[in-house]
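With the sequences and hints as input, model every part of the structure.
Protein chains: 2
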Amino acid sequence: MISGKNLIEGKWEHNSNAEQFQTVNPKTNESLSVAYQQASTDQIDLAVNAASESFDFFGSTTFNERVFLLESIQEGMHSYKSEIIATYRAESALPDGRANGEFQRTIDQIQSFIQLLNEGSFIAASIYTKGPDLRKMFYPIGPIVVFGASNFPLAFSTAGGDTISAFAAGCPVIVKAHPYHAGTSELVAQVIIKAIKKCNLPLGIFSHLGGKSHGVGSLLVSHPLIKGVGFTGSFSGGKALYDLAQKRNEPIPVFAEMGSINPIFILENKLKKDCSVLAEDLAQSVTLGTGQFCTNPGLIVICDPSGTINLAKKISESITDLELPPMVHSNIQKQYDKQLATLKRKDKLDALYSSESCSATIGSVKASKFLNDHSLTEEVFGPFSLVVECSSTDEILKLAASLEGQLTITLLGETSDQQVSKKLLSLLKTKAGRILFHGVPTGVAVIQTMQHGGPYPASTDSRFTSVGTDSIYRWLRPVAFQDCPNDLLPDALKNENPLKLERKVDGKMNSAAL
Amino acid sequence: MISGKNLIEGKWEHNSNAEQFQTVNPKTNESLSVAYQQASTDQIDLAVNAASESFDFFGSTTFNERVFLLESIQEGMHSYKSEIIATYRAESALPDGRANGEFQRTIDQIQSFIQLLNEGSFIAASIYTKGPDLRKMFYPIGPIVVFGASNFPLAFSTAGGDTISAFAAGCPVIVKAHPYHAGTSELVAQVIIKAIKKCNLPLGIFSHLGGKSHGVGSLLVSHPLIKGVGFTGSFSGGKALYDLAQKRNEPIPVFAEMGSINPIFILENKLKKDCSVLAEDLAQSVTLGTGQFCTNPGLIVICDPSGTINLAKKISESITDLELPPMVHSNIQKQYDKQLATLKRKDKLDALYSSESCSATIGSVKASKFLNDHSLTEEVFGPFSLVVECSSTDEILKLAASLEGQLTITLLGETSDQQVSKKLLSLLKTKAGRILFHGVPTGVAVIQTMQHGGPYPASTDSRFTSVGTDSIYRWLRPVAFQDCPNDLLPDALKNENPLKLERKVDGKMNSAAL
Chain A
422 MISGKNLIEG KWEHNSNAEQ FQTVNPKTNE SLSVAYQQAS TDQIDLAVNA
472 ASESFDFFGS TTFNERVFLL ESIQEGMHSY KSEIIATYRA ESALPDGRAN
522 GEFQRTIDQI QSFIQLLNEG SFIAASIYTK GPDLRKMFYP IGPIVVFGAS
572 NFPLAFSTAG GDTISAFAAG CPVIVKAHPY HAGTSELVAQ VIIKAIKKCN
622 LPLGIFSHLG GKSHGVGSLL VSHPLIKGVG FTGSFSGGKA LYDLAQKRNE
672 PIPVFAEMGS INPIFILENK LKKDCSVLAE DLAQSVTLGT GQFCTNPGLI
722 VICDPSGTIN LAKKISESIT DLELPPMVHS NIQKQYDKQL ATLKRKDKLD
772 ALYSSESCSA TIGSVKASKF LNDHSLTEEV FGPFSLVVEC SSTDEILKLA
822 ASLEGQLTIT LLGETSDQQV SKKLLSLLKT KAGRILFHGV PTGVAVIQTM
872 QHGGPYPAST DSRFTSVGTD SIYRWLRPVA FQDCPNDLLP DALKNENPLK
922 LERKVDGKMN SAAL
Chain B
422 MISGKNLIEG KWEHNSNAEQ FQTVNPKTNE SLSVAYQQAS TDQIDLAVNA
472 ASESFDFFGS TTFNERVFLL ESIQEGMHSY KSEIIATYRA ESALPDGRAN
522 GEFQRTIDQI QSFIQLLNEG SFIAASIYTK GPDLRKMFYP IGPIVVFGAS
572 NFPLAFSTAG GDTISAFAAG CPVIVKAHPY HAGTSELVAQ VIIKAIKKCN
622 LPLGIFSHLG GKSHGVGSLL VSHPLIKGVG FTGSFSGGKA LYDLAQKRNE
672 PIPVFAEMGS INPIFILENK LKKDCSVLAE DLAQSVTLGT GQFCTNPGLI
722 VICDPSGTIN LAKKISESIT DLELPPMVHS NIQKQYDKQL ATLKRKDKLD
772 ALYSSESCSA TIGSVKASKF LNDHSLTEEV FGPFSLVVEC SSTDEILKLA
822 ASLEGQLTIT LLGETSDQQV SKKLLSLLKT KAGRILFHGV PTGVAVIQTM
872 QHGGPYPAST DSRFTSVGTD SIYRWLRPVA FQDCPNDLLP DALKNENPLK
922 LERKVDGKMN SAAL
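Protein chains in written order, with this note's numbering: chain A, 422 to 935; chain B, 422 to 935.
Source of the hints: derived by calculation from the structure; they are not laboratory data.
No incorrect hints appear here.
Put simply, identical chains are the same to the list, so a pair is met inside one copy or across any two.
Taking lysine to aspartate or glutamate pairs in the DMTMM-like style, the calculated list, with each CA pair at most 20 angstroms apart, reads:
1. 843 <-> 908
2. 929 <-> 540
3. 850 <-> 904
4. 850 <-> 554
5. 925 <-> 540
6. 448 <-> 504
Written out as structure tokens, the structure reads:
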């Protein structure tokens, strides 16, 4: 049962004066029945105060207690799976395979943090005994606001990577549900608050607030007791929250992953050899999830001195018969249509190949034209990609140098292309969080070695990631204890090493007691 | 020989139109002879462009090459030691012991980064082979601007922790010399550029620019090719640079350590037992370096329900006969005198004990008054401390809860005070980067376990430190390589592990080849 209410400190609060909104089935464009209440200023303040009051207790919980919480959330997700999936599908119109896949990914993400907590070394305990006794470890930064992402109702939303990494760190979380899938979000919030009750943790460590207006998010980010923000979405949304957070009396860290055009470079010999296979693979990647992945390849740069290979046309031919699910909301579709219309109207490209069966579109343009029109580097969120045709190595290097920060860059070449690859790589290393040398950038493995983030404007701080267990470092800061009596030390730093952690003691890693 | 010119890409550039300024001997208040040229807008642009152009090469140097650079800087510092120390003393009037101590600390800091590079594990190489081949390591973020600090002409200036950590990371550095010790800074810059030439590294990796106006720093921080900023100094200076960096088209990380009042809490039984010894220790700590350390204890909170112990008076009695060197510049002294005058004029305190032999001053005020006057939490930079007298545990807890972020907090108690200690500690953990349980906060060990930084306003990002080898993480970001051919991988990630690094391979640490 979805209530449409806001969850504050364990209670689903009714507010008869609240502004209300509904979610929409993107397939039928019909509104779904539940009326969701927008959180009021008072409710926001209550939720943040509860989070702040619960922080000291939650921040000092043992790793085992946090594992129990995460496991309880996993169990709850499984118990309510059919209801969650049904609402997810109604609100997103994404196919069953995607829904189940994303559900499982969310469970797996939680599992990776359970393993991280069981292992414990992320806390980076280090001890120095040869001077003043100085012991350092990571400590959580405080209450975090997490914004649900429009394009991932589960994996980047209520119990997604931001919330779970913050819980693992020991930070209370307030989720601002995405209005496109408020029902899915509430169901997951029900699971989380039940898990918190089961674990006898303070109810203030999780609140769930709704709202269609930007006001709710703005008030949350501006609240003096909030200490960090996690966001995945558009550049305009992420940048607005970032700016708001920097204007506070106390600026706070905001990790906003704001997408990118994820350029793919295809070098001359690779293009000649694998043109048809590449066209197939790219068609799949561009249209995957109706182009609504942050790692969707929006730019394909090819080196074709002969000028004879029309890769854009080939990709579009591989798309022709595809039927794509609708985008997750008609607003996103409208924005996509508008951007394509501008490209057409202003005659910015050399060619534009539209599918007849879906809205997927592939453009092509000569590098010389592309390099003179910065607007062509803007993300077109959806199943669109632009093929840029370079006629020389110099042109491809010039184009690479002109790029802004990206989540991913893909560099496809044969061994015979390696001279160019090396030059390109030295440029591209400074531009992306992840560099691929095979395949396509869609599909993000949720493992410690993943990097999801990149130089601005792909994210607001390239030193962090929002995917993989290293994402926990967004919410941790080092605290050093000098000459602290053993019984006042956190367990991770006690002489007897009760957590059996690998610790750096006088420069050497070991798990021994002192 | 000090030229007074700006160093850009290996050349000391003369500009006959430059604004000029001189440094001053704070003891005599006489100007020293050299005329320093303020860097022009063109010179700033040249220096930044040279840094940016040298970045790809320098960022890809081996750890050994960077070790050679740091060792060459150490050697150069030793060769020019007498000239550096003489200029340091003339420009700062700090005593010989301090000058030599700070010189040695600077050498030791460089040594700690040499060890870090020799060991190599800071790069955090991790490899995952059980899916897409995904390998991750830290990569430098790009050219950094370092601001010399007024109070540490060597250890927090030209070849200080910010510059050396950035070099170790592989980042080019542009130093904005502090105008109070432009000569010391130039001599060290001469050492650095000679070392760079000796190592055959690109000359653009280091420039040294002077200026008395804020304009030079502002232009540097605003330059689009600058990717990070290191600053130690006042709140107003650090916050202004931070805000400037956030307003850029591309916001960049600024680590500004902006000082704090470093509260010391003395609990009831500790105060009763060690009152006289504490007064002696505190007198030393408050006046050390004429109170110009970031960790100077500006606030001493005592729990004295009997109301019979006048700790402020006792501390001031221990100071009476001290003779302190002048502050590093008359401007700092003027600001200090002005703040004290305001405290007196507005009758903000219960008592104010001034030394007759020096400008050290100890104030005292009841907690009830302190809690109602936020202005009393502002730092008075210099040999001043305020004793706040609490009459109950509740009052001391209330005061602790009201504190802003601090570099350090010291908690002094007997075993019999431990019930209060525990309660206090849970509050204080969220407020400081370093918590001491013995001694005084002045004196910062330069080791990996040190944390120098703290929640805002002590620093602009509590997740980093500016002292100790972990300060390198301010200038590094993770880059992941997916399915990268072995010969295109950085050495740290190659199959054969040529650097013999400890790497995380499929979740386990080892130094084996793949």
